[in-house]
Every structure is written in C-alpha cells, then in structure tokens.
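**Q** Listed below, chain by chain, are the residues.
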Amino acid sequence: MTAQLGSDVEGRTLASGRVKEAFLAYGFLLPSALVFAAFFFYPLGRLVWFSLNRQDRFGRGLTYEGFGQWGDVLSSTDFLDGLKHTLLFVLYTVPLGLVLGVLLAVAANRKIRGIKFFHTVFSSTIATSVAVASVVFVVLINPKVGYLADTWVAQFFDLSDPDAALRGVALSSVWQNLGLTFIIVLAGLQAVPEELMEAAKLDGYNSVQRFFRITLPLISPTLMFLVVVLVVFGFQAFAQVELLTNGTPAGRTETLVFKIFTDSQDPAKLGPSSVMALGLFVLTVVVSAFQFIILSRRVHYGN
Amino acid sequence: METELFAASVGAVGLGFGAVVLAFLGVALPVAMATDAWDRKDAPSERRTPVIAIGAVLTLVGAIAAINEFWLATDNRWAVGFIASAITATVGLAYLATRQQLVGGVEPSSNAQILSRLGTYAFLCLLSLLILFPVWMTFIRALSGPRAYIDAGQPLRWIEPEWDVFSRAWSQADFSGRTLLSVAVTSVITVGQVLTSVLAAYAFAFLRFPFKRVIFALFMATLMLPIEVTLVPNILFVRDLGWLNSIQGLTVPFLATALGTFLIRQGFMGIPRDLLDASQLDGYGHASFLFRVAAPLTRPVIASFTVISFLGAWNQYLWPRAITTEGDWNTIQIALRSFVTSNPEALNLGVAGAILAAIPILVLLLVDRKSVV
Amino acid sequence: MSSITFRGVTKRYGDVTAVSDLDLEIADNEFMVLLGPSGCGKTTALRMIAGLESITEGELSIGDRVVNNVEPQNRDIAMVFQSYALYPHMTVRRNIESPLRADRSKRLSKGDRDARVAEAAGILGLEDYLDRKPAALSGGQRQRVALGRAIVRRPQAFLMDEPLSNLDAKLRTQTRAELVQLHTDLATTFVYVTHDQVEAMTMATRVAIMNDGRLQQAGTPREVYEDPANLFVARFIGSPPMNTIDGQVVVAQDGTTGVVAGDQLIPSTNAPAGSAGRKVVAGIRPEHLVPHPDGTITGKVTGTEWLGHERQLLSHVPIGDSNSVQVISRADPDGDDPRPGEQMRFAVDPDRVHLFDADSGARMRRTDS
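Quick note, the sequences are listed as chains S, V and C, same order.
By the working numbering, the letter at position 218 of the first sequence is numbered 218, and the numbering carries on one by one without gaps.
To convert, take the position in the second sequence, counting from 1, and add 303; that gives the working numbering.
To convert, take the position in the third sequence, counting from 1, and add 676; that gives the working numbering.
Since the hints were derived computationally from the structure, they do not count as laboratory data.
It is possible that part of the hints are untrue.
Cut-off 27 Å, straight-line C-alpha distance, at most; resulting in silico cross-link-like pairs (DSS-like, lysine-lysine) [stated by the list, open to error]:
no., chain 1, residue 1, chain 2, residue 2
1, V, Lys515, S, Lys20
2, S, Lys20, S, Lys111
3, C, Lys809, S, Lys201
4, C, Lys955, C, Lys976
5, S, Lys116, S, Lys201
6, C, Lys809, C, Lys786
7, C, Lys786, C, Lys846
8, C, Lys786, S, Lys201
Generate coordinates for the entire structure from the input sequences, incorporating the hints supplied.
**A** Now the structure itself:
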C-alpha cells in the first residue's frame, strides 16, 4: 500500500520534472527559433509565393502566374547566363584553390624551426573580407590602374575582356580563400599519425609516393568537406563581382546572386528573381546532399 | 637599341623583383628566428633570450635596409640596403636550417641534408611571397600618389609616399563613424550568436523534450538558407518593419546561427552525463550547470566560434549593402565600395581605406592564433 | 652480414640526453632485447637503428657500412611499431604487400609479390583475412599484419617496439612463443624493445639493459641473472626481485669474509681482498635465502603468499638501530604456512651473495684489487 503510494508520488514528480525540463528546453531554443522562423523559414515561404506571382514595376498588382513562371524563368537566358557564370566561377575557384591549399599545407607541415611564422603568413588571407580582397585585386588587375594591367598575365585575367573577366574575379576569390583552405588542410594533415609516415618511410616509399598513396587517401574526408565549403562560397559570389567589374563587360560576370541583388531594386522583377533564388536554393541543397552521400560511402576512414 | 632597352627593362624588373625578394627575406627570416625562439617555452631561458634579442635586432636592421632600398633608392646608397638585407637573411636562415630540432623533428646531419633544408626554406619563402605580393602592392598603392605612381611606370616600390593618406582616408569618408558602426553591429551579432547558440546547444545536448530530432533537423536545415537565397523577401520584411538603415535591421536577422548551435553542441556532448547527474543531486538546476560547468569546460570551442562569428559579421557585405541606403549607415565594407567606385583617380585613398578595414581582424588573428583552427 | 654495431653513440635533444655513449654489438641472427624502465633510451636506440632519429655523436653500422646518414628506406631494416601503424585505407593484402610496391630498383614482378605475400600470410595464419581492412581486425590480428609487412621484405634485421604491450595477458604469452619460433624460422637478427623483464628473459638470446640513457649490461639472460654487473641490473632482473641489505665487509680471523649488518652476519665469498670495512650492499636472490635452523640471518615472518607451486615468505630482518629490511624468500609449498610473527633463521650459500659497492652500485668480485 505504502509502496504504491510512494511510486505514485514519484511518478508524478518525475512527470512534472519532465514537463519542466521540456519547458526549459523550449525556452532555451526560443531565441534561435524566433530568428530562424522570421528570417529563414518565413522568407522561404514568401519566396515560393512570390515565385508564383508577378507584380508591376510600382510594386502593385500581384497577379498569380503559377508554375509556368518557373518554367519561363528557369529557361530564360537571363537565368541560364547567371547559372553559367556561377558554375564557371565555381569551376575556376575550387580546383585551383584546393590544389594551392594542399600545396601550402604540405609545404608547411614540417617540424622545422620557424615554421610557425610561415603558418601565420599562409593563413593570413583569412583576415580579409571579400570587399578588402576585391580592393586588393583592383590594385593588381584593374584594366586601367592595375599593376598587371599591361603584362602578359593580364590577358588571362583581363577584367575588360568579356571572356577573361570572370577569371579575374575568380582569381581574387582564390587568393582570399587560401587562408581558410590552408588551415583546414593543415588540420587534416596533422591528424595523420606520425607513425604511419614513419612506417611508409621504412617501407621504402619516397616522399612523392608517400603523399599520393598514403597522405592523400587519408585526408580525403577533409578535402571533400573543403570542396563543399568552397563550392558553396562560389555559389554565393557577389561582392567581388560588384567591386571588380559590377557585372561588366556585357554582363559576363553576373553571377546568380548578383542578378538577384540587381533585381531586388526593381519591383517588377519580384517574381522572376524569386524563381532564381529558389533555383539557387535547390542547387545548394543538391550539392550538400551530394557531399553527404559521398562522405558516407567512398571516403577512407582512419582506425 | 631595342635589345638594349629590352635588356635594361628586364634588368630593371629583375632588380626590382630581386630587391623586393631580398628585402622580404631580410625581414622575414629574422622574424621567423625570433618567433621560433619565443615559442620554445620549454627551452632554457638563457638560450632563448639572446636568440630573441638577436632576431629582433636583425629584423629591425632588415626593415631599415628594406626601407633604404626603396625609399632612398634615388641615391646610390641602396647597395648598403641590399647588403644589410642579405646579411640578416643569411643569419636567420643559417640559424633556422642548422640548429638542433626539438623531439619529433629531424636535425640535418649531413651537408646534403642541410642543403635540402635550405631548399625547403627557400620554397616556403617563395610561397609566402606569392601570398603577400598582393598585400605589398596594396600597401605601396595606398602610399603612392596615384598620378605619380602611374607616371613612374608602376614600379614595385612606393613613389613619393604620402604617409598621411591613412589619416585622410580616416577623416574623409567619416571612417571613424563607419568603424564605430561596424564595431557595434559586429559586437551585437557576435554576442547574440554566441548566446543563442550556447542556449540552443545546451538544450540539444542535455535536455530531453518532445520533437527533439525534428527541431534539430529544422535548425540544421537553416544552413541551406543563406542570405543570398532569402534576400528579397527579407528586404521586404525588414522594410515593412521600418528597419532599413537601422541597427536592428543590420543585426537581428543574424542573431542566431545553426553553425554555432552545431559546434557548441559537439563540445557539450563531450561532457560526461555523470557530471550533470552529480550536479543535480547536489541541488543545482540546469542554468547553474550551464554557467558553472558546461560553458567553462567547452571554453575553447566557444572561443573558436566567437572568432568565426566575429569574422563573419565584420566581413559581411551583401546584407548591409542591401538594406542601407544612406551613407551614414554604411558599414566599413560598404564604405569601401563608395571609395573605389566614386573616385578611381584617387585610388590611394580607397586602398588605404581597405587596409584600415582589414587591420582590426589582422590584429585579432595575430593575437589569438590558436582559436582560429 | 647483418650485425648492428653502436660505437660511442650519443643522442641529445637540446639539453636532454636520451642515449649516452652507447657501445653495443648485435650479432647476426641474434634475438637482442633492449630492456629497461620508461625513459631509459631503449626506444631511442631502436629508432636510431631504423634511421627515424638522427645520431648526435658516434657511429652506427649495419654490417660493415656506417649508416649514420643513410635514409631509413635504404637501410634494409623492417620495423614493427607499438601501435602497428597499418594503413587504414588498404586491405591486409595491400598492407603486407606495400613494401614491395615502393618504387625501388629491385621491384619484383607481380607473381613474385603475390608469392611473398602468400608466404608471409601463411606463416602468420592470415590467409582468411587478406581482403579485410585493419579496422575490421582484432589487436592480435593487426599485430600479425604488421609482422607480415615486415617479413615480406626479407630485411637484414627486424626491429620491434614493445609489440606485445597492446595485447591482453593470455595473447601475450602465446605470441611470445610464436615470436621466438619466428626468429628461428626466419634466421634473421631481431632487435626487440620492452620494459617487461619476463619477455626479455624468455625470448632473448642476449639482453641489453639500459637506464638513464646508459647501457648497464649486455649478456645472455643467464649472465645478467647470475652475474649482474651492477645493483640496477641485479634489482631489475628477477621476479620477485633480489633482496638487498646494506652493510659492511668483515673479515674473520680464519680469513672467511662476509657482510655484517646490525646483528646479522651474511657470509660471502665475493669480497675482494683488502675490502674490510667497506660499505656495501649485499644482494641475495629469494631462492638463495633458505630457512635453516643454523642460519646466520634471523628475521620475523610478516606474511606469506602461497602460489601453488611455491610459497613466498615476507620477513622483517633487523639490521641494527631500529632499521630493518624486508626480504622475500622462496619456500617449499608443501606443509603449513609459517605463523606471522614467527622467528625464522635463514642460511645462504656464500658464493651466491653478490656484493655491490654502496656508492657506485658496481659489482665487487673476489678477484678485484
């Protein structure tokens, strides 16, 4: 009898304890949740709504267009150009950035005197913002006042040449990302156990073989992660475009985000720009899902 | 005649590059030597102090030599600079390449190994130069009068340096105001992100509540929704709230981030459950546990995230650009844009401004090297 | 020729000396065990043989070539690391095969490589695991893979860094025997590092005991056990450890020598001539301290441990001025345990009482001057 009473009381206090805990949890989550709801999910919903509508250039007269607008915008040259430029931008920045970052990290991953100094130098570009990096590269590759403007290097990165301009913009991003890339790859390299490298030395592998057969497979998770980070950065390219070329020449450097931003000034473009934004969203999701799948399968794990 | 000109220009370029390289080495290698000795906290101090002192002196000499090479290069005393740089570089390099290593490193014991070690340092210096070259060019363009510089054929050193360009940039574009605004906005965002992330991370790590998995998934899903995607609706929303050109508009959308929640939750999950149970038995509630135990134990992670958050907020461009229409509300990054686009002739001012914009972060990183990784 | 010779080898890291003036010759085909406590320099010495640590002073030779500056991969030495260092992204087969695939002038054909891998796998019982990855193996299996990777190279010498320390006790004993068998089968020099003297004594053809960076003694297990060069070796080798009693040399009227400690008299034939009065440490192994009614050493039993095959007695032996020393002695397991507090008399064989100089710890012999 007493036992039953006791357990009943316990049960009630335990249950009320749980309820209190839940309330506390929701309380802790509330600030973040409010921000997310208001500035992430709510806009997403409105984005979908806008994408299905059109308004005039005074911001009035919201008329329903339906999914046809999606088809129209996604197949329009405007969007496809933006997509092409964005993808090209990613193509220019990611492989080069990855290779350079690995080069820097491998060179600096030695226990020799003074190496910390070089670590600091190699990671220093992480301190630059996109705006600062763009100004730095204006100094270098601006067609009128840049240092490299009349040199043979300029042909490849000429900001006034429709074909080369995007490459010039990409160059500034490659430089800017070096710091972050270096830090991440270096961390990955330092996670490889020293003994493994010693065993490889004793087995008779020279340094090139050690790198390609042992180090590279073992840091592939890190590299995979880095690729996704750099690709997402690439998708978000805006400031460097605005500051280096402002979309010129002939709109050949206009990335998707640049177009979305420009369209935000024009109320008539609300519908189409929303479709583009959704396109960008889907692109980001696809890439991240890709990473998740690849990461779970092909990548080599340590012990 | 043409070949002579060609040879002369190649020579000039080569000399120019050589001068830059030598000047760099003359400063970099002693700095590497000094910082290496400084970092060797376990070595006996009688050995460290002389090395640090010598390294510092050599750095100074190397810096003076570098300035000599460029600034006073108009007269023939540049040769002195060259020689001085060469000496400081050599001493620094000799020290680095031949001294005995700590446990884990291999000390070069044969001549072939010393040569290969020197080659390593040379390669590292080359890579450093590639990274720092844009910075150097930025610096000299800031200092040189724009007309004078272009007229002089864009050399690798500064022309008629105007050292007051920084104070001019500071006052001309109300840079102090911009800085103040950036500091305010960045601080609010950083503090906000850290607080909201710590709280949310605590809930996910230590508390039990219904729909936990779903809510966590939703939180992580926000990582798929960067501001680039949600730009237009957010602009409209903020405009409707009357928050254009305001602190609220610049900060509130960024007061929370799933990245912080994720990172700090990882840190919290490293704390054994036993600690929480013991603390509850002692009669402490969750809030006390958070402040007294969980947060202090994960201080490194929280510190790292604070730096990441600060960096991101300080360097923001798209959102401030989108919702500020009045110059008074430009953050430092946006101010750079007006510099660069409004008067391309006065490039030196814009570039000086960029340097000023980067300094706070550089200082933060130099002081706090560990937290970044 | 695959002998390994250290001549005056010293290794310093800044102010710290890890190995000091090491002179050691490891003969071809020996099973040499480097034994000593943590930090004694044994692992450093091993790594110097491999070329993973550079040599500060002195000469290291493999065969008759001096290898101080020879890169690790060119020394024809294989090493089994304490944590095995297997490549996690390669299968067992590829791990074992890996030294043969490194780009060297004597690259074998695929057929030869497969044959060697199969041979190594056969010796070590790994045939069924060849296609697994290290993460899917137990500790003992991983160790065999590490061994296989070493064997397949047919090197001049095998180096092993505490290979048994990550295994559980039962597996350890079993693997010990297998390693000894492997040594016989392969007929190659083994250099083995451990802090466990049981491993050393059961596996080695010769043992090199190190302490504080210095070689204390190198000899066969029997030599270091029966003929220790100094107090450190005497105490380190043997389980339970040798009993040590501080005292002074005495010479009796009839010329017999011994050590006196308080009221105890320990006869010893190992006192050098003219050493009367010298301060020494007398060392007696537990099995040489025999309970005997006419014994010259008296003590009080404080505890016993009955182990089935033998009995160990713990006794307090007073050596004057309220000092006493604990001694362990072996006794017959049959019969009853002695009662605690019981007085006991012990006798010793004078030849078996080692004398060590009290200051230097060096062993004193009758033939010393």
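**Q** For each hint, tell me whether it holds in the structure or not.
**A** Here is how each hint holds up against the structure:
{"no.": "1", "hint": "V:Lys515 / S:Lys20", "verdict": "holds (15 Å)"}
{"no.": "2", "hint": "S:Lys20 / S:Lys111", "verdict": "violated (53 Å)"}
{"no.": "3", "hint": "C:Lys809 / S:Lys201", "verdict": "holds (21 Å)"}
{"no.": "4", "hint": "C:Lys955 / C:Lys976", "verdict": "holds (25 Å)"}
{"no.": "5", "hint": "S:Lys116 / S:Lys201", "verdict": "holds (25 Å)"}
{"no.": "6", "hint": "C:Lys809 / C:Lys786", "verdict": "holds (21 Å)"}
{"no.": "7", "hint": "C:Lys786 / C:Lys846", "verdict": "violated (38 Å)"}
{"no.": "8", "hint": "C:Lys786 / S:Lys201", "verdict": "holds (22 Å)"}
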